[in-house]
Amino acid sequence: MGRYLNVGNDSFRAIRKSHYVDKTGLISFVNETLGTLDKLTCVSRARRFGKSVAVKMLCAYYDKSCDSSELFDDLKIASDPSYKIHLNKYDVIYLDITSFISYAQAMKDTVLALQKKVIKDICDSYPEAAGESTLPETMSKVHELMGNKFIVIIDEWDALFREAKDDAELQKEYIWMLRGLFKSSLTDRTIEGAYITGILPIKKYGTQSAITDFREYTMAAPQKHAEFTGFTEAEVKRLCEKNNMDLH
22 MGRYLNVGND SFRAIRKSHY VDKTGLISFV NETLGTLDKL TCVSRARRFG
72 KSVAVKMLCA YYDKSCDSSE LFDDLKIASD PSYKIHLNKY DVIYLDITSF
122 ISYAQAMKDT VLALQKKVIK DICDSYPEAA GESTLPETMS KVHELMGNKF
172 IVIIDEWDAL FREAKDDAEL QKEYIWMLRG LFKSSLTDRT IEGAYITGIL
222 PIKKYGTQSA ITDFREYTMA APQKHAEFTG FTEAEVKRLC EKNNMDLH
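Residue 269 is where the sequence shown ends in this note's numbering, and the numbering goes up by one at each step.
Treat the hints loosely; a few may be bogus.
Once the Cα atoms are required to be at most 25 Å apart in a straight line, the calculated DSS-like pairs of lysine-lysine come out as [what the hints assert, rightly or not]:
(1) Lys204 to Lys137
(2) Lys38 to Lys105
(3) Lys204 to Lys141
(4) Lys138 to Lys162
(5) Lys110 to Lys141
(6) Lys129 to Lys204
(7) Lys162 to Lys110
Cβ-Cβ distance ranges computed for the label pairs, FRET-style [as the list claims (entries may be wrong)]:
(8) Glu190 to Ser39: 40 to 48 Å
(9) Glu153 to Ala99: 32 to 40 Å
(10) Pro102 to Ala134: 35 to 43 Å
(11) Asp130 to Lys105: 38 to 46 Å
(12) Gly152 to Ser39: 37 to 45 Å
(13) Ile106 to Leu58: 17 to 25 Å
(14) Ala99 to Asp188: 39 to 47 Å
(15) Thr233 to Ile106: 26 to 34 Å
(16) Ser206 to His40: 44 to 52 Å
(17) Asp94 to Lys129: 40 to 48 Å
(18) Glu153 to Lys38: 37 to 45 Å
(19) Ser90 to Asp188: 41 to 49 Å
Note that these hints are calculated values from the structure, not bench results.
C-beta: ideal position from N, C-alpha, C; glycine also.
Full structure from sequences and hints, please.
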């Protein structure tokens with residue numbers, strides 16, 4: 022278990038011990054996209070809409086370093102035909118950009134430090150992949166040697182744009198890192214799927230965005246994701262009944 026590669030299921034285990042509302046329909050949705058042209062998913066929502074809960078759930082489900090059966094066997098996803106096919110079958114790279122920035126020693130070194138730390142995590146698990154200088158190349162080498170594909174999960178992907186809004190060079194460096202991950206010839210070979218969250222829509226960042234290949238689900242146009250973030254009226258009603266609270 023690493024800090025960025027295969028972080029385990031402890032975070033989702035803690036969530037399950039609280040008043041958890043079953044949102045595993047999201048897993049069914051993501052499973053349908055894996056390995057397809059729609060495998061890159063971006064969900065943009067305001068804070069407090071469950072984005073981080075969703076990514077922790079996805080990490081726990083896909084992460085090959087742990088057995089998460091007990092966390093999901095009693096949830097909706099367990100009845101989906103794809104459940105066992107993808108359960109704990111992938112190397113998962115999980116990046117919480119807001120958290121990483123808060124611990125960075127210097128903002129200007131954020132992107133370089135991020136790549137170095139993730140590469141180290143990968144090489145700790147796969148020493149044979151050592152020697153590559155970029156994250157996409159390291160992932161590609163793992164795939165070449167081991168046949169493994171990655172699930173990439175990024176929470177608050179746009180945090181760097183908000184925190185370093187006046188640093189055009191750092192933003193450009195970050196864009197190129199994302200471009201290497203999601204818009205290069207290596208993507209099809211190394212990434213089985215990606216799920217990223219942010220606060221503002223991708224389009225806000227204009228045509229320079231490195232992630233235009235993502236299928237985006239915004240607050241204004243949530244499409245199938247409407248039921249997976251926040252609470253539906255039926256879910257609020259059930260929570261109130263469970264806790265003996267007046268719905269009104």
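Results of checking the hints against the structure:
1. Distance check on the hinted pair: Lys204 and Lys137 sit about 20 Å apart at the alpha-carbon level, within 25 Å; holds.
2. Proposed proximity of Lys38 and Lys105 is supported: the alpha carbons are some 23 Å apart, at most 25 Å.
3. With a C-alpha separation of about 23 Å, the suggested pairing of Lys204 with Lys141 holds against the 25 Å cut-off.
4. For the given pair, Lys138 sits about 17 Å from Lys162 by alpha-carbon distance, which is consistent with the 25 Å threshold.
5. Annotation: proposed proximity of Lys110 to Lys141 holds, straight-line Cα distance about 21 Å (limit 25 Å).
6. Under the criterion of a C-alpha separation no larger than 25 Å, the hint pairing Lys129 with Lys204 is consistent with the structure, at around 24 Å.
7. The suggested pairing of Lys162 with Lys110 holds, with an alpha-carbon distance near 19 Å, which does not exceed 25 Å.
8. In this structure, Glu190 and Ser39 meet the distance hint of 40 to 48 Å, their C-beta atoms being roughly 42 Å apart.
9. Evaluation of the 32 to 40 Å hint for Glu153 and Ala99 yields a pass: the beta carbon distance comes to about 38 Å.
10. Between Pro102 and Ala134 the beta carbons are some 41 Å apart, a value that agrees with the proposed interval 35 to 43 Å.
11. Asp130 and Lys105 have their C-beta atoms about 42 Å apart, which keeps the hinted 38 to 46 Å range intact.
12. Range check, Gly152 to Ser39: about 44 Å between beta-carbon atoms, so the 37 to 45 Å window is met.
13. Taking 17 to 25 Å as the suggested C-beta distance range, the pair Ile106 and Leu58 conforms, at roughly 19 Å.
14. Ala99 and Asp188 have their C-beta atoms about 46 Å apart, which keeps the hinted 39 to 47 Å range intact.
15. For the pair Thr233 and Ile106, the supplied restraint of 26 to 34 Å holds, since their beta-carbon distance comes to about 30 Å.
16. One distance hint, 44 to 52 Å for the beta-carbon pair Ser206 and His40, holds here, with the actual separation near 45 Å.
17. Taken as a hint, the range 40 to 48 Å holds for the pair Asp94 and Lys129, whose Cβ atoms sit roughly 46 Å apart.
18. For the pair Glu153 and Lys38, the supplied restraint of 37 to 45 Å holds, since their beta-carbon distance comes to about 40 Å.
19. Between Ser90 and Asp188 the beta carbons are some 45 Å apart, a value that agrees with the proposed interval 41 to 49 Å.
When each numbered hint is compared with the structure, no violation occurs for any of them.
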